[in-house]
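K.L.:
Construct the entire structure; sequences and hints are all you get.
First to last, the sequence lines map onto chains U and Z.
For what it's worth, our numbering labels the leading residue of the first sequence as -12, then goes sequentially.
For what it's worth, our numbering labels the leading residue of the second sequence as 1026, then goes sequentially.
If you are wondering where the hints come from, they were derived from the structure by calculation, not from laboratory data.
Take the hints with a grain of salt, since some may be wrong.
Over 12 Å on every C-beta distance to chain U, these chain Z residues come out as not near it, computed from the model [what the hints assert, rightly or not]: (1) Pro1038; (2) Glu1050; (3) Arg1052; (4) Asp1053; (5) Ala1062; (6) Gly1083; (7) Glu1086; (8) Val1091; (9) Asp1154; (10) Glu1242; (11) His1248.
Below 25 Å or equal to it, Euclidean Cα-Cα: the simulated SDA-like pairs (lysine to any residue) are [said to hold, decoys possible]: (12) U/Lys321 - U/Asp431; (13) U/Lys321 - U/Asp296; (14) Z/Lys1162 - Z/Asp1218; (15) U/Lys321 - U/Glu403; (16) U/Lys321 - U/Asp408; (17) U/Lys321 - U/Glu310; (18) Z/Lys1162 - U/Asp(-1); (19) Z/Lys1162 - Z/His1217; (20) Z/Lys1162 - U/Ser3; (21) U/Lys321 - U/Val426; (22) Z/Lys1162 - U/Val(-2); (23) Z/Lys1162 - Z/Phe1220; (24) U/Lys321 - U/Ala441; (25) Z/Lys1162 - Z/Ala1196; (26) U/Lys321 - U/Pro435; (27) Z/Lys1162 - U/Glu153; (28) Z/Lys1162 - Z/Val1111; (29) Z/Lys1162 - U/His239; (30) Z/Lys1162 - U/Arg490; (31) U/Lys321 - U/Asp293; (32) Z/Lys1162 - Z/Gly1147; (33) Z/Lys1162 - U/Arg2; (34) Z/Lys1162 - Z/Ala1193; (35) Z/Lys1162 - U/Val156; (36) U/Lys321 - U/Arg337; (37) Z/Lys1162 - Z/Asp1141; (38) Z/Lys1162 - U/Val489.
C-beta: ideal position from N, C-alpha, C; glycine also.
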Amino acid sequence: MIWLIARREVVDHLRSARFLALCALAVVLLPLSAYVNAAGWQARRAFHDALRQAQLARLTAADSSREVAADGARAGGGPRWGWRSGEVSTDEALRAIRPPAPLSVLAAGDDASLPAYWQFGSEGVAPGPPLTSSAAAGSDFVFVVQVVLGLLAILLGADAVCGEAESGVLRAVLANPVPRAHVVAGKYVGGMITLLVPLAIGAPLALLVLRARGVPVADADTWPRALAFVAVAVLYLSAMLALAIAVSTRTHRARTALVVVLVGWVLLVLVVPRAAELVAAGVRPVEPEELARRERAAAAAAIEADRVDALASVWRRVAGTDEIPSGPFPPALKREYNAARAPVEEEMFRRKRAAFAALDDARERAERGRRALVAAVSRASPAATFALAAAELAGTGDRTRERWLAQVRAHQRALEGAAFDRVYGVELYDARQPGRLRVTWGPDPSDPADLPPAYADLPRFAYVAESAGEALRAALPDVAWLLACNAGLLAAAVVGFVRYEVR
Amino acid sequence: MLRAAGLTKRYAPSAPLALDALDLEVRDGELLFLLGANGAGKTTTLDCFLDFTRPTAGSAEVDGIVVAADPVAAKRRCALVPENVVAYATLTARQNLRFFSRLGGGDRSLAGDGADALERVGLPAAAFDRPVREFSKGMRQKLGIAVAIARDAPNLLLDEPTSGLDPAAAADFMALLAGLRADGRAILMCTHDVFRAREYADRAAVMRAGRLVAIVERDELRHCDLEALYLELMADDDEHGPRFPRPMSRVPLSP
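P.N.:
Written out as structure tokens, the structure is:
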């Protein structure tokens, strides 16, 4: 019985002008958006490749890390690694470069707005420029499904019951011994089959375009994601269809139902995701990046002042005077001074890293809280839930951002231990001078212990992307929520129809 | 058999009763005409038998099955011909017949792929495979009758079924009904047509303002002036409200 009604619904829908118009639009837009987004992905990929090449060139140059570390000293400013508060490194060798996600062509997510790389340095990690391109990131597969097919879904369901009640055909249908739940189920299944038509035509066309443009969409890691992506799209569309059918069972006028579902569509697709951003910005504000940078600089400067005082005291204790020697630094005195200041430096680095970590963690917590609130409020809308799940599957969602940042921070800590948290050469401070006169001696090229490590001896950063299995597991809560939306809305439609008075 | 027992319906709390404790029975092999003005409650009565609306009180029964308790089982035993037959406009007559026949639980294969039923109601063969949107009201009505007949249900509910039919087709339809009655079917036909009632009905029931005001038995029908009685019943009102049910000792209400 359900199948009989579903089949008739499909025949009716396929002949309707609204279906033909929106199906044609979706079938054109899906491959077109794939083409445009593939161009954007290629541009980001080219930028990524250029960054990688520059990095490799830097890494393979002999002893280049020592040049970088020492050139500041040669210029009289001291080594670049160690204590240089407020300075951001630009060393191309020390960058965390992440390739753009291939499936960002389907769900752009954060892929284009994330930085092209993270820069490692003594003062912590800093974001590079965003991986923006000319691609119309807003017009991806998610957009077409959310807007065009979402609109088709609600239009197919809006007059499912009240339209037939208005025309009178519902009397003819319900005069037969068919359970009302079966009628609703038949309309739901029929609507879903109809909605699969533009997907079945448009999605393969889009994939063909992507393959032709060289986007790896068919490899072992990508195709399960793409398949799950289509499944989540179907769940979203079915939820919108069930919503429209539920609305249709609450009125006897097709026009009323149409207005209600169109308002609902605007709210769910356009308003809720933006309102979620507004709510989160109000409830969980995150301080601007510039303010965070200033806080870091202020914390570093305060510790720097303590360090200067401490090192001046150490020098006075070791040398028995505040006088700073001129000319070559006596080796014996250097060894004694370095040994005496080692615990001071260690303590100062510890304080500095702790202060930075506290600031970074607080900011990251605030950012994570804001994003979590955006996601939680957005999930009021099946459209936004679909976008969140799609981004997780495509590797362009919040988890990717957090995963990358976590790897970057871990690598930064490794570099701090291996290279950054040491002072190369000698720094002396004259306690008698206002502002503490600073005198430095660069690393001694004849003393290997005085030189910074070579790049070859430093840990290398390699981004470990989330596997398809992890991405699928990450999308499961959203999939479960979409299933629950379907079940709830379908139950509401059935209850509404069982109580429906046929006039 | 169709039976209404204390059937009451109020569509909204502030609305007047659409049906007011209606007691009515249509026996097997009986053709009962339900007469009444617009808004008398005739269609609401049919709606209660088809679970289109739930009664506020009382019950509608089809062959002993309470409709509100088991609407699907009840509807398995009755078919409807509405006043304005509406079918799927984009489907042909044959496709509509096939669809509704299967929806009614009928066999997948209709006799002659539906042609027999369509011929039986007088639909021209050239129209069998035309989309229903091209049909006149009379043709749609014939299609509706064909759909109901194809159901082969033991009870028939008809709501102004001859509306839109030309006189010859209406006469053919009444002859068809006579045959179905002879087969033992219980037929409840709502109509304004007192002349046909007098000619074809086994009994005629008159409703006004949701209440049953008279039942005229077969013998009485042949002898009384049904039109005059009907007009009298419709006009019978005074400042204290209608004096119904009208005492008609010769036309007792069914037990």
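K.L.:
Next, verify each hint and record whether it holds.
P.N.:
Okay, the hints, checked on the actual structure:
no. : hint                  : in the structure
1   : Pro1038               : holds (14 Å)
2   : Glu1050               : holds (21 Å)
3   : Arg1052               : holds (22 Å)
4   : Asp1053               : holds (19 Å)
5   : Ala1062               : holds (19 Å)
6   : Gly1083               : holds (17 Å)
7   : Glu1086               : holds (15 Å)
8   : Val1091               : holds (15 Å)
9   : Asp1154               : holds (15 Å)
10  : Glu1242               : holds (29 Å)
11  : His1248               : holds (36 Å)
12  : U/Lys321 - U/Asp431   : holds (11 Å)
13  : U/Lys321 - U/Asp296   : holds (19 Å)
14  : Z/Lys1162 - Z/Asp1218 : holds (18 Å)
15  : U/Lys321 - U/Glu403   : holds (24 Å)
16  : U/Lys321 - U/Asp408   : holds (19 Å)
17  : U/Lys321 - U/Glu310   : holds (15 Å)
18  : Z/Lys1162 - U/Asp(-1) : holds (22 Å)
19  : Z/Lys1162 - Z/His1217 : holds (18 Å)
20  : Z/Lys1162 - U/Ser3    : holds (23 Å)
21  : U/Lys321 - U/Val426   : holds (13 Å)
22  : Z/Lys1162 - U/Val(-2) : holds (24 Å)
23  : Z/Lys1162 - Z/Phe1220 : holds (22 Å)
24  : U/Lys321 - U/Ala441   : holds (23 Å)
25  : Z/Lys1162 - Z/Ala1196 : holds (17 Å)
26  : U/Lys321 - U/Pro435   : holds (15 Å)
27  : Z/Lys1162 - U/Glu153  : holds (17 Å)
28  : Z/Lys1162 - Z/Val1111 : holds (9 Å)
29  : Z/Lys1162 - U/His239  : holds (24 Å)
30  : Z/Lys1162 - U/Arg490  : holds (20 Å)
31  : U/Lys321 - U/Asp293   : holds (22 Å)
32  : Z/Lys1162 - Z/Gly1147 : holds (14 Å)
33  : Z/Lys1162 - U/Arg2    : holds (23 Å)
34  : Z/Lys1162 - Z/Ala1193 : holds (15 Å)
35  : Z/Lys1162 - U/Val156  : holds (14 Å)
36  : U/Lys321 - U/Arg337   : holds (23 Å)
37  : Z/Lys1162 - Z/Asp1141 : holds (21 Å)
38  : Z/Lys1162 - U/Val489  : holds (22 Å)
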